[in-house]
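Enquirer: Given only the sequences and the hints, what does the whole structure look like? Please build it.
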Amino acid sequence: MAGATANANRNGMRPPDGTALGTVRICDFTGQLAGAGATKWLAAFGAEVIRVEDPVNQGMWDVLRNYDPFVDDRRGPDFGGGFNNHNVEKKGITLNLRTERGKEILREIVKRSDVVSENFAAGVLDKWGFGWEALRELREDILYVSNCGFGHTGPYGRYKTWGPIVQAMSGLTFTSGLPDSEPAGWGYSYMDHTGGMYMALAILFGLIHKQRTGEGQWIDLSCSEAGLTLNGPAILDWTVNARPMRRPDRPEGNRSASPPMAPHGIFACRGDDEWISIACRSDADWAVLATVIGESWASEARWKTLAGRLEGQDALEAKLTAWTETQDKFSVQRRIVEAGVPSAAVQRPAERIDDDPGTSEWGLWPEVEHSKMGRVRVDGLPAHFSKTEWKIERGGPCVGEHTDEVLSDLLGYDADEIARLHQEGIV
Amino acid sequence: MSALEGTRVVELANERIAFAGKLLGDMGADVVLVEAPGGDPSRRYPPFADGVTGDSNAPALATSAVEAAEAERGAEPDSLYWWHYNTSKRGLVLDLEREAGREALRALVASADVLIESEAPGRLAALGLDYDDLVKVKPDLIHVSMTPFGRTTSRRDEPATDLTLLAGGGPVWSCGYDDRSIPPIRGGGNQGYQTGCHYAVMSALTAIFHHGVSGEGQFIDVSMHAAANVTTEMSSYFYLVAGKTVHRQTGRHAMPEPSMPVQILAKDGRYATTGMPPRTPSGFGDLYDWLDSLGLVPQLPEAIFLDNARHRKSIGFAEIGVDDEVTAIFSAAREAITLICRNLPVEEFFNGAQRIGITVGSILSPEEAYENAHFVERGFQVEVKHPERDEAVRYPGAPYKLPASPWAISRRAPRLGEHQDEILAEIGIDAAERSEVC
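Here the protein sequences come in this chain order: X and U.
The numbering of the first sequence is the working numbering, which starts it at 719 and goes up by one.
The numbering of the second sequence is the working numbering, which starts it at 28 and goes up by one.
These aren't lab readings, by the way, just hints derived from the structure by calculation.
Where hints are given, some of them may not hold.
[Stated by the list, open to error] Within a straight-line C-alpha distance of at most 30 Å, the following computed DSS-like cross-link-like pairs (lysine-lysine) qualify:
no.: 1; chain 1: U; residue 1: K294; chain 2: X; residue 2: K878
no.: 2; chain 1: X; residue 1: K1090; chain 2: X; residue 2: K1109
no.: 3; chain 1: X; residue 1: K1037; chain 2: X; residue 2: K1090
no.: 4; chain 1: X; residue 1: K1037; chain 2: X; residue 2: K1105
no.: 5; chain 1: X; residue 1: K1037; chain 2: X; residue 2: K1022
no.: 6; chain 1: X; residue 1: K845; chain 2: X; residue 2: K821
no.: 7; chain 1: X; residue 1: K1109; chain 2: X; residue 2: K829
no.: 8; chain 1: U; residue 1: K340; chain 2: X; residue 2: K845
no.: 9; chain 1: U; residue 1: K340; chain 2: X; residue 2: K1090
no.: 10; chain 1: X; residue 1: K878; chain 2: U; residue 2: K412
no.: 11; chain 1: X; residue 1: K845; chain 2: X; residue 2: K829
no.: 12; chain 1: U; residue 1: K271; chain 2: X; residue 2: K1109
no.: 13; chain 1: X; residue 1: K1105; chain 2: U; residue 2: K340
[Claimed, not checked] Which stretches of chain X does chain U cover? Using the computed rule of at least three CB atoms under 8 Å from a CB of chain U, they are:
no.: 14; segment: 808-816
no.: 15; segment: 826-838
no.: 16; segment: 841-849
no.: 17; segment: 916-929
The model shown is predicted, which means the values in this text are computed figures rather than measured ones.
Virtual Cβ for every residue (Gly too), placed ideally from N, Cα, C.
Expert: And the structure:
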């Protein structure tokens, strides 16, 4: 690193470098997806994200460090595929915060950071002596963003969660499933993804506020609260009409009551576990679809109006399935879409990743260079910027991979001192 | 001061992008919603406020209810869908098919910082209103376009809805039941649109921050299909990293190999979600004590393993299948959690388990979550004034709490053309010309 940049770093400022967030430094304690997903976005747009991890347990607070999937037979905290996916373009250092010297180094890093981010259970950072008041004393304009399942206050403030619990408690699991049946849920941690997005939003709002006023703040994010904002019309139906979602015929499966559409669903195609989704937005869409189907039942008058199609929805879906189930899902998709009606095959991972121009032409699966795993494809970002495009090239950090670099470039420690810190188990 | 106070956002009304405008408006941006003559179609989406339509959530009644309401009193149908997605916005009508309407939009954009829209690729260019045209009146404009497949891919003109985006984009593949003869399920609540909007707003904020540093604006192309694809957690990276395909399972993560069920029907007919065992030896002991206090030990002979576990020095997942006793302990814990849940109302089970450190959840409906004491105490319920109604309406509250720059709903969703004169006056279109814009 050039001397001038290193000096600027030691003053706590990052000079503009043409990237969107190149002036931002983040002291990052996040892990898993709900936290690491947030700082992934910021790192891809140029923020310097320094992950601080524990050398004693090899960063395994973030269990994804050593969790399926793996590229080969190697195991250990540097080989988790999910960790790599969520931590591209970040730096990783180790710091033993059980020691006073470790805490001292963290204080030096915080003084040079714009943001401290974490998604520990409520109160953990405070217990280490780095709660809001302590952080503020180190740097008056610090932006501190904590993210946990229920937030730091309230009756559930000490309860533990992970994605599926957050989804259950916020109404999202309930609204995914067939009517009068066990909930199907989301099939993955939708709220770890989305909680990470709300954390990124919170950090960005906080950074803009700070840019405009010079003020920092503590943002206490509760993933389940964020989740609870994602079923707005259903909640208003309750507060305005006293009509609960827990009632017969709800949730609606793959049908659509808002806006009302029919047919609107997912239908079997030829083969094992192959499906096509079809949505008729209007009578005009239905008329087009009826022509594509080209069978006599489809031109019956009863189906011409939305009211008729909703009334006979069970029969309509049975007829439609009889038509789709003998066909290949992609050929059905092609015929319906070419006619101008929304339809999409339910794509398997291989189909949407390897064979879909909607993702490949976008450049959605960049390949990163990971120091031990080698070249691995990861999730890219769904936005392209004309002037400050994202960059995802470097893999997630191995445990302590950037410790020496950060100690020397950011804090100005010399080689002897760094060697001593290694010897003493501080880093 | 709100984070976005003083930032003006122009939004071209479209059901796909509406949530992005709300997220920005609720954080203090001055969001100006531009609708075509006749108003955005989502003004007519159910559910409706009662008194207008009866059981308006029944889809068969929806369209006729709207027509009846409009015929009866020329009234807007009081769509709760519209109300929710359009808080903190002001609205006007511009006919972009007319030159005066386009001229007004240019003037509006010149007065603004950000444009968000979800127009079909090519439409704005044909109208002379795309980024390249608009930078002539606003050189540092931030223009966020969010479309189903982005502006540049060969799929860009394909029609899409929330359902087809989630089906083609990956989430639906992971979502459904163990019984694979049942179709996979689309999670409810427009999450395909909302996920796209989360990324659109992250993009807008990233560009606003960059503008604060450099003074420059830019064009941003968001693909909702791409957004769904990178919001699938393990489904994508199991394939990317190891070439493995996950398969859906009731109420739990889709995985390459089947896992044990985790949803349990509690005594009151509601479901809990479980699957996380105690973390420490004493945690297993606490579980035994809970079982004992409910008189359930006689129903579970294996409970003895839990009682014994409390005397161990440590216990870990890694020993399952290796150490017979550890395997038996974890198995007994699963049985004990299931047995307790079946014998208690779900809320009691949830609190009891969490109090001894076992991570479980209660599967709440949206209204149950909204009325839950935890969220109520944290101030999640907020009231919004509707001048036409006697009482304020309770809305979902803040997704994040920024003490120095608070989230707030500044006003209810606009009626059609509600701020027409006010906004046109602000951008210097005088009264004589105003009738020309729509």
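Enquirer: Against this structure, judge whether each hint is valid.
Expert: A quick look at each hint next to the structure:
1. Our distance criterion of 30 Å between C-alpha atoms is met by K294 (chain U) and K878 (chain X), whose separation comes to about 23 Å.
2. With a CA separation close to 20 Å, the supplied pair K1090 (chain X) and K1109 (chain X) stays within the 30 Å bound.
3. For the given pair, K1037 (chain X) sits about 54 Å from K1090 (chain X) by alpha-carbon distance, which is inconsistent with the 30 Å threshold.
4. Restraint check: the Cα-Cα separation between K1037 (chain X) and K1105 (chain X) comes to about 51 Å, which exceeds 30 Å; the hinted pair is violated.
5. Proposed proximity of K1037 (chain X) and K1022 (chain X) is supported: the alpha carbons are some 15 Å apart, at most 30 Å.
6. Between the alpha carbons of K845 (chain X) and K821 (chain X) the distance comes to roughly 12 Å, so the proposed pair stays at or under 30 Å and holds.
7. For the given pair, K1109 (chain X) sits about 27 Å from K829 (chain X) by alpha-carbon distance, which is consistent with the 30 Å threshold.
8. Straight-line distance between C-alpha atoms of K340 (chain U) and K845 (chain X) comes to about 24 Å, which keeps the hinted pair within the 30 Å bound.
9. Distance hint between K340 (chain U) and K1090 (chain X) is unfulfilled; the C-alpha atoms sit about 35 Å from each other, more than 30 Å.
10. At most 30 Å may separate the alpha-carbon atoms for a hinted pair to count; K878 (chain X) and K412 (chain U) exceed this at roughly 36 Å.
11. The hinted pair formed by K845 (chain X) and K829 (chain X) meets the criterion: a straight-line CA distance of about 19 Å does not exceed 30 Å.
12. For the given pair, K271 (chain U) sits about 26 Å from K1109 (chain X) by alpha-carbon distance, which is consistent with the 30 Å threshold.
13. Between the alpha carbons of K1105 (chain X) and K340 (chain U) the distance comes to roughly 57 Å, so the proposed pair goes past 30 Å and is violated.
14. Counting residues of the segment 808-816 of chain X whose C-beta lies closer than 8 Å to any C-beta of chain U gives 0; at least three are required, and the coverage claim is violated.
15. A stretch counts as covered by a chain when three or more of its residues have a beta carbon under 8 Å from one of that chain; for the segment 826-838 of chain X and chain U the count is 0, and the coverage is violated.
16. By the rule of at least three residues with a Cβ nearer than 8 Å to a Cβ of chain U, the coverage given for the segment 841-849 of chain X is violated, with 0 such residues.
17. Coverage of the segment 916-929 of chain X by chain U holds. Counting CB-CB distances below 8 Å, 11 residues qualify, and the rule asks for three or more.
Violation of the numbered hints given earlier is confined to hints 3, 4, 9, 10, 13, 14, 15, 16; the remaining hints are satisfied by the structure.
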